[in-house]
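Model the full assembly from the supplied sequences, consistent with the hints where possible.
Protein chains in written order, with my numbering: chain D, 209 to 349; chain V, 13 to 246.
Everything labelled a hint here was simulated from the structure, so no lab data went into it. Treat the numbers as computed from the prediction; the structure is a model and nothing was measured. No residue lacks a Cβ here, since even glycine has one placed at the ideal position from N, Cα and C. Watch out, some of these pointers could steer you wrong.
[Stated by the list, open to error] So, partial list: chain V residues that the calculated Cβ filter (under 8 Å) puts toward chain D:
id	residue
1	Lys14
2	Ile17
3	Ala202
4	Val203
[Said to hold, decoys possible] Just so you have them, the derived chain D footprint on chain V, three or more residues with Cβ under 8 Å:
id	segment
5	18-30
6	182-192
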Amino acid sequence: MHEFSLMSAVMDAVENSARVHGAAKVLVIRLTIGEMAEVVPEAMEFAFEALSPGTLSEGAELTMTTVRPRSRCAACDAEFEHDRYHWSCPNCDSLATELLAGKELYIESIEIEDGPVANDDAHNDRVQQQSDTTVERSGHE
Amino acid sequence: MKVEINKPILDRNDTLAARVRKQMDENSIYLLDILASPGAGKTSLILATIAALRDTYRIAVIEGDIASQVDAQRIKEQGISAVQINTGGICHLESQMILRALEVLNLPELDLIIIENVGNLVCPTDFYLGEDAKVMILSVPEGHDKPLKYPGVFQAAKAIILNKIDVIDHFDFNEQNFRYDIERLNPSAAVFPLSATTGEGINDWTQWLDVQIASRTADKATADTRPIVVQPSR
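Below, the structure is given as structure tokens:
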């Protein structure tokens, strides 16, 4: 269930960014998840439902784009897609391959509803402090 | 309005891991992260490793467990510094926990720090802790099919230890199948069949580790050894 830790990190970054941009509400959160990362999307959704109430992200749509693993063969230079278990080169059967994509754990972007909050430095400092304490707290779940 | 964030989810963890890495480099310490399921023999392997290398290197251990001081106590009985991290339910260690543990240790007096991660074959895999290498232990009773069930941890490991080979005759464990699957998943991984309790095969493992530590201390240029860094494809 490390998805709770991952989603806590997502929430910190999203809430921070939303406040800096003076958002009244977060409408959409877009993540990119590689198929070779140890992440179960349903567990991410569950964590989001548990963590988001009372935040700017409450009720937001969580979208996760999954990335198929892709590798390049060091022997014949072929590039190919594959699943989690088979990453030998389909062209020459070499096992010396380099993973190009598939391990992503990435926050892409958010959609926000504009709010009336001004974007001043003092406000940003407060947001930074809040963000730090949240990270600290996530170590004691 | 769309706001681009474009940040790894583990950005904060990676930033703190870089701080761990810096402290290791400044003090010429090799940091080893050991992963395995509960009961695979992590603490026994660490004790056997300490016995073999304690005359060559100054060693400390960071113990990660959900609760209890049991493992740290076993290490301290050998006269080795041990810090216990109790995660209180979290299923893996994160860099901020390692940073806190390092505050307790006398880093200039150390050459090797061994992290015993929380017993789990899934969650610790994605968390970089600033380590030089992740090593995973599979024990014979768990079965030879584990690489196919938990590919991530077998792919993240620089070395894979097959522990409890002294009881292999009593289990339906096919070492050939195991090695075949490892070769498909992680062809560059070193594999060490051994028994941490009888000592069989321990030398091959500790000699490998010895070479890793020596080559790292000799070549400080290889500061960041993360095997795979992937940016999202667009």
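How the hints compare with the structure:
With 8 Å as the threshold, the beta carbon of Lys14 of chain V comes within range of chain D, its nearest partner Cβ sitting at about 6 Å, so the hint holds. Taken as an interface hint, Ile17 of chain V checks out: its beta carbon lies about 4 Å from the nearest beta carbon of chain D, inside 8 Å. Against a cut-off of 8 Å between C-beta atoms, the interface hint on Ala202 of chain V is violated, since the closest Cβ of chain D lies about 15 Å away. About 14 Å separates the beta-carbon of Val203 of chain V from the nearest beta-carbon of chain D, more than 8 Å, and the hint is not met.
With 8 residues carrying a beta carbon less than 8 Å from a beta carbon of chain D, the segment 18-30 of chain V meets the three-residue requirement, and the given coverage holds. Proximity of the segment 182-192 of chain V to chain D, defined as three or more residues with a beta carbon under 8 Å from a beta carbon of that chain, is not established by the 0 residues found.
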